[in-house]
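Engineer: Sequence:
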Amino acid sequence: MVIRMPMRFLEWILPWRKWLGNKSEGIAAKVLASKGYIILARNWSCKSGELDIVARFKDTVVFVEVRSKSCDHTVTAAESVGRDKQIKLSRAAAAFIRSYKLQGLSFRFDVIAIAWKKNSSSPDLAHHENAFEFIS
34 MVIRMPMRFL EWILPWRKWL GNKSEGIAAK VLASKGYIIL ARNWSCKSGE
84 LDIVARFKDT VVFVEVRSKS CDHTVTAAES VGRDKQIKLS RAAAAFIRSY
134 KLQGLSFRFD VIAIAWKKNS SSPDLAHHEN AFEFIS
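In case it helps, our numbering puts the sequence shown at residues 34 to 169.
None of these hints come from the bench; they were simulated from the model. Remember, it's a predicted structure, so these values are computed and weren't measured experimentally. Note that the Cβ used here is the ideal one computed from N, Cα and C, for glycine as well. Treat the hints with caution; some may be incorrect.
Once the Cα atoms are required to be at most 27 Å apart in a straight line, the calculated DSSO-like pairs of lysine-lysine come out as [what the hints assert, rightly or not]: (1) K151 - K121; (2) K51 - K102; (3) K121 - K51; (4) K63 - K121; (5) K118 - K150; (6) K134 - K102.
Listed next, with one range per pair, are the computed distances between beta-carbon atoms [unchecked claim]: (7) N163 - I72: 18 to 26 Å; (8) L158 - K134: 31 to 39 Å; (9) D117 - N55: 20 to 28 Å; (10) D92 - K51: 33 to 41 Å; (11) K51 - K80: 17 to 25 Å; (12) Q136 - G82: 16 to 24 Å; (13) K118 - T93: 17 to 25 Å; (14) R89 - E166: 16 to 24 Å; (15) S78 - G115: 31 to 39 Å; (16) T93 - I168: 17 to 25 Å.
The task is simple: from the sequences and hints, build the whole structure.
Structural biologist: Printed below as a string of structure tokens:
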């Protein structure tokens, strides 16, 4: 069964989702910085895709995917990074590494999952280090 949303509803919800995504990425960047990560880029894009946050922690380049969900979703934010998304992130990360000549450094993919609770201004945050491997 396909449910069609009225266009007015979609025009309202899409800017809200973009705002929530930007707010979640900002929170994630602040948390990373407080842990000693150096933020190298935010919303870096190329033809292969987009990287939410690229950071450096010690001698490791960390590609961070930020996922935000409302608490009533059954799938957690971290679980929502499926194989297709992992492939896109891997390709974008490879492009970033080539662009900035970072071939000699180690790297990893993290996921920061942010769950927004109803009637609360502060979300729950979980940082999943080494969330998945590079997929070529």
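Engineer: Next, verify each hint and record whether it holds.
Structural biologist: Hints, one by one, checked against the model:
Of the supplied pair hints, the one linking K151 and K121 is violated, its CA atoms being roughly 31 Å apart against a limit of 27 Å. With a CA separation close to 12 Å, the supplied pair K51 and K102 stays within the 27 Å bound. A hinted pair counts as satisfied when its Cα atoms are at most 27 Å apart, and K121 with K51 qualifies at roughly 20 Å. As the CA atoms of K63 and K121 are separated by approximately 25 Å, the hinted pair is consistent with the 27 Å bound.
Between K118 and K150, the direct Cα distance comes to roughly 25 Å. Compliance with the 27 Å bound is thereby established for this hinted pair. Under the criterion of a C-alpha separation no larger than 27 Å, the hint pairing K134 with K102 is inconsistent with the structure, at around 34 Å. In this structure the supplied range 18 to 26 Å holds for N163 paired with I72, their Cβ-Cβ distance being about 19 Å. Look at L158 against K134: about 32 Å separates their beta carbons, and that is inside 31 to 39 Å.
Between D117 and N55, the C-beta spacing of about 23 Å keeps the proposed range 20 to 28 Å intact. Between D92 and K51 the C-beta distance comes to about 34 Å, which sits within the given range of 33 to 41 Å. In this structure the supplied range 17 to 25 Å holds for K51 paired with K80, their Cβ-Cβ distance being about 21 Å. The hint said 16 to 24 Å for the Cβ distance between Q136 and G82, and at roughly 20 Å that hint holds.
Checked against the given bound of 17 to 25 Å, the beta carbons of K118 and T93, roughly 21 Å apart, stay inside it. Look at R89 against E166: about 20 Å separates their beta carbons, and that is inside 16 to 24 Å. Against the hinted window of 31 to 39 Å, the Cβ-Cβ separation of S78 and G115 comes to about 20 Å, which falls outside the hint. Taking the beta carbon of each, T93 and I168 are about 18 Å apart, inside 17 to 25 Å as hinted.
Hint compliance for this structure: hints 1, 6, 15 are not met, and every other hint is.
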